[in-house]
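2 protein chains.
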Amino acid sequence: MKFNVVHTNSSARAGILETDHGVIETPIFMPVGTQGSVKAVEQRELLELGAQIILGNTYHLYLRPGIDVLRTMGGLHKFMNWQKPILTDSGGYQVFSLTELRKIHPDGVTFKSHLDGSLHHFTPRKVIEIERAIGSDIMMVLDECPPFPCSEEYARESNALTVKWAKECLQAVKEIEPYYGFHQSLFAIIQGGTYKNIRALSAKQLVDLDFEGYAIGGLAVGEPTEQMYELVEFTTQQMPLQKPRYLMGVGTPENLLECIERGVDMFDCVMPTRNGRNAALFTHYGKISIKNAQWKTDDQPVDKECGCYTCKNFSRGYIRHLFQVNEILGLQLASIHNLHFYLSLMKEARQHILADDFSQWKKTMLEQFQSNKTLIEN
Amino acid sequence: MKFNVVHTNSSARAGILETDHGVIETPIFMPVGTQGSVKAVEQRELLELGAQIILGNTYHLYLRPGIDVLRTMGGLHKFMNWQKPILTDSGGYQVFSLTELRKIHPDGVTFKSHLDGSLHHFTPRKVIEIERAIGSDIMMVLDECPPFPCSEEYARESNALTVKWAKECLQAVKEIEPYYGFHQSLFAIIQGGTYKNIRALSAKQLVDLDFEGYAIGGLAVGEPTEQMYELVEFTTQQMPLQKPRYLMGVGTPENLLECIERGVDMFDCVMPTRNGRNAALFTHYGKISIKNAQWKTDDQPVDKECGCYTCKNFSRGYIRHLFQVNEILGLQLASIHNLHFYLSLMKEARQHILADDFSQWKKTMLEQFQSNKTLIEN
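Which chain is which? The protein sequence lines are A and B, in order. So for the first sequence, our numbering puts the first residue at 7; every next one is plus one. So for the second sequence, our numbering puts the first residue at 7; every next one is plus one.
Hints should not be assumed to be uniformly reliable.
Stated by the list, open to error - Restricting the straight-line Cα-Cα distance to at most 20 Å, the calculated cross-link-like pairs of lysine to aspartate or glutamate (EDC-like) are:
| no. | chain 1 | residue 1 | chain 2 | residue 2 |
| --- | --- | --- | --- | --- |
| 1 | B | K318 | A | E51 |
| 2 | B | K368 | B | E311 |
| 3 | B | K293 | B | D304 |
| 4 | A | K318 | B | E54 |
| 5 | A | K202 | A | D214 |
| 6 | A | K173 | A | E135 |
| 7 | A | K84 | B | D304 |
| 8 | B | K84 | A | D305 |
| 9 | B | K84 | B | D74 |
| 10 | A | K297 | B | D74 |
| 11 | B | K297 | A | D122 |
| 12 | A | K109 | A | D122 |
| 13 | B | K8 | B | E31 |
| 14 | B | K318 | A | E54 |
| 15 | A | K318 | B | E51 |
| 16 | B | K302 | A | D74 |
| 17 | A | K8 | A | E24 |
| 18 | A | K84 | B | D305 |
| 19 | B | K109 | B | E163 |
Just so you know, these hints were derived from the structure itself, not from any lab.
Please model the entire structure based on the sequences and the hints provided.
What follows is the structure, given as structure tokens:
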């Protein structure tokens with residue numbers, strides 16, 4: 007893997023990340039395909055939307071279809087017929103979300119499957135084994151994600167475990183060869199809760215281990231947004247300039263722009279697809295609920311400034327009807343639109359970084375997002 | 007509307023049906039878009055699949071979005087952005103399926119909405135009003151569909167009502183102008199249950215009224231398949247040679263081929279999409295349940311002879327996984343494949359009618375459908 011920051015505009019960065027499955031232009035949003043499918047969106051549609059990399063989830067793919075199936079089928083790229091890069095979350099976040107169903111040990115975590123209650127044990131090495139079977143271009147280490155709020159002591163101990171596991175993942179990557187003949191990078195995850203001193207320590211310890219990229223984990227878990235921004239700004243300052251920076255599980259369009267300004271290169275979030283399936287559509291003039299009666303006979307596209315399949319072909323009135331009558335097509339059109347919104351926002355952000363006017367553009371965009379003006383005028 | 011039978015091969019017919027929204031080559035299968043969407047399939051995908059005409063349902067569209075919305079939005083073509091022909095079922099079948107919720111009067115039928123129990127009254131004129139608001143290229147008359155089995159007396163009285171209503175629909179079409187500036191044809195529906203004498207009477211009375219096309223209704227409602235074929239064969243012989251013949255709600259791929267051989271031009275059925283959403287996929291070697299464990303690591307396409315997006319890009323193993331984990335993409339890929347199977351079967355049927363070898367080809371196809379050979383070999 008090769009990463010180059012090709013331009014900076016204040017702290018915002020435009021980069022090029024080269025993988026064996028192709029080049030990714032950063033800043034980038036990565037659509038989430040937890041179980042080997044970006045929900046309600048076809049692979050050819052992801053290409054059409056300009057998706058450059060998607061996410062898979064190690065925990066979910068380990069349970070179904072399972073690593074034997076993935077090995078036999080030649081890895082996730084072949085299995086789902088997606089030839090561009092894939093990043094896999096380690097499953098740590100999902101496992102730690104099963105608060106009643108898991109127990110943390112120094113060597114890993116034991117958990118009960120959310121599907122059938124069967125008992126499983128993830129160690130750092132086991133997670134690398136699974137990620138090798140998946141064949142993701144970017145593998146994430148097993149980490150512990152502390153809850154919000156948590157004590158400083160908890161955050162410190164948790165980070166010690168995360169760093170220990172990161173080392174063990176690094177070792178496992180050296181010992182277990184890739185199965186499919188292409189390079190898989192390993193990214194570490196900086197934790198530390200809301201404690202800057204522990205975030206700094208976490209970053210220092212992980213940077214010393216020399217990973218190919220670094221993620222900021224444990225944010226957007228309930229802390230106030232301003233605090234998240236402050237912690238992102240603080241943490242990116244502890245991160246190497248020449249390595250990609252990935253903010254996990256964040257967030258709204260506003261969050262993305264604010265965090266690009268604070269030096270983040272990569273994002274993922276279920277928001278565009280999950281919101282879409284719940285009839286919430288992102289527009290340049292704010293988020294709208296397309297189920298509302300106000301759209302009943304509206305013959306305008308969801309977002310007049312949007313060039314996606316949905317907006318080029320269908321009206322707010324029709325999409326409202328699809329949600330009213332529970333047609334699957336509603337989920338499809340909403341997911342396509344929201345992903346297009348996120349992906350084109352990142353593309354524009356990159357152009358404005360390259361043009362050295364990112365902050366000004368961001369300000370204009372955020373004002374627009376708040377306005378809802380044009381929608382009300384219709 | 008213009009209809010020409012361009013070639014016959016024994017009783018099988020290849021025709022051209024010209025509407026204001028374009029030309030339909032018969033025999034044709036019409037995908038069902040009950041509520042203004044062919045379930046889980048995008049409009050551009052319908053075009054890609056070669057769909058030439060789709061169905062909408064008068065009863066469902068009357069309830070939601072309602073005729074006011076349809077009028078305001080310029081009719082169903084504009085509302086759903088489908089520029090090819092649309093046929094609308096009159097809603098008679100749906101209303102009569104609400105056995106506990108409806109009451110038949112000489113002037114029409116009163117029914118309770120399946121959605122909220124609200125009371126509605128459909129007369130022949132009301133149905134035409136709704137179909138004018140929808141703006142379908144082919145409107146079906148309001149009919150009464152007798153149950154199977156039913157007494158000869160019931161079938162006779164029911165047909166008398168159907169013929170009376172057909173006359174009233176014809177009158178209403180003359181009195182109510184189309185809203186959207188294009189021609190809408192009216193097709194009558196031949197009923198009569200399993201009684202040939204009443205089928206003959208129904209056909210005679212309706213043919214005398216000179217409709218633009220004729221449907222055979224009230225079949226595939228529980229009678230044995232052989233009896234259905236016999237009644238189709240008998241009924242088509244009572245129908246004018248130069249008008250399109252539409253067999254409503256039928257059926258399996260086998261049914262379609264058998265009924266083409268008996269002189270039918272048009273078909274509709276929820277089977278390809280509904281079966282698809284239930285993981286049942288049609289192949290040249292029989293229907294398979296893609297959820298079965300036998301496909302777990304199968305890297306072959308669903309049907310090697312198929313050129314659809316699903317078969318060109320995805321394996322049985324992947325599609326099985328999508329159904330296992332309840333991904334919407336599974337419903338999409340299965341629906342696309344099954345519609346492609348039906349539509350390409352009709353295209354091939356037409357070619358073999360034109361080549362004068364329809365019956366021989368049909369025999370080969372039906373043998374293949376029974377074989378499951380190639381699938382088992384894998």
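* Between K297/B and D122/A, is the straight-line Cα distance small enough, at 20 Å or below? -> 18 Å, holds
So if I understand the rule, the pair passes when the alpha-carbon distance is 20 Å or less; does K318/B with E54/A pass? 17 Å, holds
Check: Does the alpha-carbon distance linking K368/B and E311/B stay inside the 20 Å limit?
Finding: Holds, at about 17 Å.
Fill in: Given hint D122/A paired with K109/A - CA-CA distance at most 20 Å
17 Å, holds
*asked:* Tell me if the straight-line CA distance from K293/B to D304/B falls inside 20 Å.
replied: 16 Å, holds
* Asked: Under the criterion that the straight-line Cα-Cα distance not exceed 20 Å, is the pair K318/A, E54/B satisfied?
  -> Measuring from Cα to Cα gives roughly 17 Å; hence the hint holds.
request  = Mind checking the alpha carbons of K173/A and E135/A for me, to see if they're no more than 20 Å apart?
outcome  = 15 Å, holds
Regarding the pair K8/B and E31/B, is the alpha-carbon distance no greater than 20 Å?
Judged against 20 Å, a Cα distance of about 12 Å means the pair holds.
Straight-line alpha-carbon gap K84/A to D304/B, limit 20 Å: 12 Å, holds
>> Next pair to validate is K109/B with E163/B; report whether the Cα-Cα distance is within 20 Å.
In response: 15 Å, holds
>> Can you confirm whether the C-alpha distance between K318/B and E51/A stays at or below 20 Å?
In response: 15 Å, holds
Margin query: Next pair to validate is K297/A with D74/B; report whether the Cα-Cα distance is within 20 Å.
Written below: Given pair K297/A, D74/B holds - Cα atoms ~18 Å apart, limit 20 Å.
Of the numbered hints given earlier, the model fails none.
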